[in-house]
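Trainee: The lines below spell out each chain.
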Amino acid sequence: DAKTTQPTSMDCAEGRAANLPCNHSTISGNEYVYWYRQIHSQGPQYIIHGLKNNETNEMASLIITEDRKSSTLILPHATLRDTAVYYCIVRVRDDKIIFGKGTRLHILP
Amino acid sequence: SAVISQKPSRDICQRGTSLTIQCQVDSQVTMMFWYRQQPGQSLTLIATANQGSEATYESGFVIDKFPISRPNLTFSTLTVSNMSPEDSSIYLCSVSQGAQNYGYTFGSGTRLTVV
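Quick note, the sequences are listed as chains A and B, same order. The numbering of the first sequence is the working numbering, which starts it at -8 and goes up by one. The numbering of the second sequence is the working numbering, which starts it at 24 and goes up by one.
It should be emphasised that the hints constitute simulated quantities derived from the structure, not laboratory data. We treat Cβ as the ideally placed atom computed from N, Cα and C, and that holds for glycine. Where hints are given, some of them may not hold.
[As the list claims (entries may be wrong)] Sample of chain A residues with no beta-carbon within 12 Å of chain B, all distances over it, derived: (1) Met1; (2) Asn10; (3) Asn14; (4) Thr17; (5) Gln33; (6) Asp58; (7) Lys60; (8) Ile65; (9) Thr74; (10) Leu99.
[To be verified] Quick list of in silico lysine-lysine cross-link-like pairs, DSS-like style, CA-CA up to 30 Å: (11) Lys30(B) / Lys60(A); (12) Lys30(B) / Lys87(A); (13) Lys88(B) / Lys92(A); (14) Lys(-6)(A) / Lys87(A); (15) Lys60(A) / Lys43(A); (16) Lys88(B) / Lys60(A); (17) Lys43(A) / Lys(-6)(A).
Working from the sequences, and respecting the hints, build out all of it.
Mentor: Given below as C-alpha cells:
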C-alpha cells in the first residue's frame, strides 16, 4: 500500500499562498492522490484529488510531479479559516483510504 | 456529492453499555466505511460496511466489539459494545461511489465519552 509523508506542522501568513508538500514515493500508476482537511474535530472535508495532471478548483490547486512521487497542495490566499489539519492520502486497494498523521497548518494573522 | 446524516452527534455513556451509531446517506452509495478518531490523533479505519454481508474489519478491530450492519445502499450502523473509557473517541462514517475518480464524503461524526 502506498504511504504518504507530510511535515508535522507549518505556518503561513494570512493572505499568502500556503504550499503543503507530500511525498508518496511508492504510489502505483493508477492510484489517485487525495487531499482532505479537518477543522477542529469536524468530519474531514474533501479539497481536491488528481492522478497525473495538475488540478485546480475553487479551493486549491494540486501540483503532482512528473514521476508522481510527490505533490503539493496550494491554497492561493490563505485565511484564518484555513487553519486545519491537512491530509494527503493515496487511495489503496479495495477502495479504502488510510489516513496518515497529516500537516497541522497554522495561518498567522 | 452525497450528504450524510450521522446520529447521535454526541453521547456520554456508562462503561459496560453499548451505543449504536447510525449513518444515513441521501443517495445510494457503493462503499461505506467506519473510522475512529481518538483524542488528538488521526483517523483510523475500523471496517468496510458491506451491503447484505458481514463487514470487513481492519487489523485490531473485531466484530464482537464493533458489530456493523448495512441493510441497504443508503444506511449503516456501528455499535460500540461493552464500552470502556478507552472507547472515548469520535466515530465517523464515510461513503464513496467506488470508482477511482470519485472522492469520499464524511459525516460530521459522533463524539463518544465513556465514563
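Trainee: Could you run down the list of hints and mark each one as holding or not?
Mentor: Now for the hints, and whether the structure bears them out:
Under the 12 Å C-beta cut-off, the non-interface status given to Met1(A) relative to chain B holds; the minimum distance is some 16 Å. No Cβ of chain B approaches the Cβ of Asn10(A) within 12 Å, the least distance being about 21 Å, so the stated non-interface status holds. Against the 12 Å criterion, Asn14(A) stays outside the reach of chain B, whose nearest CB is about 17 Å from its own CB. The beta carbon of Thr17(A) sits about 17 Å from the closest Cβ of chain B, which is more than 12 Å, so the claim that it is off the interface holds.
For Gln33(A), the non-interface assignment is contradicted: its Cβ lies about 6 Å from the closest Cβ of chain B, within the 12 Å cut-off. Separation of Asp58(A) from chain B is adequate, the least Cβ-Cβ distance of about 20 Å exceeding the 12 Å criterion. With 12 Å as the threshold on Cβ separation, the claim that Lys60(A) sits away from chain B holds: the shortest Cβ distance comes to roughly 19 Å. The Cβ of Ile65(A) lies farther than 12 Å from every Cβ of chain B, with a closest approach of about 18 Å, so its non-interface assignment holds.
Listed as outside the interface, Thr74(A) is consistent with that label: its C-beta sits roughly 16 Å from the nearest C-beta of chain B, beyond the 12 Å cut-off. Chain B leaves Leu99(A) outside its interface by the beta-carbon criterion, the shortest separation being 22 Å against a cut-off of 12 Å. At roughly 39 Å between alpha-carbon atoms, Lys30(B) and Lys60(A) are farther apart than 30 Å, so this suggested pair is violated. For a cut-off of 30 Å, the pair hint linking Lys30(B) to Lys87(A) stands: about 23 Å separates their Cα positions.
For the suggested pair Lys88(B) and Lys92(A), the alpha carbons sit about 25 Å apart, so the restraint of at most 30 Å is met. Under the criterion of a C-alpha separation no larger than 30 Å, the hint pairing Lys(-6)(A) with Lys87(A) is consistent with the structure, at around 13 Å. Between Lys60(A) and Lys43(A) the alpha-carbon distance is near 10 Å, which keeps this suggested pair within the 30 Å criterion. Of the pairs offered as hints, the one joining Lys88(B) and Lys60(A) is violated, with about 38 Å between alpha carbons and a cut-off of 30 Å exceeded.
At most 30 Å may separate the alpha-carbon atoms for a hinted pair to count; Lys43(A) and Lys(-6)(A) meet this at roughly 17 Å.
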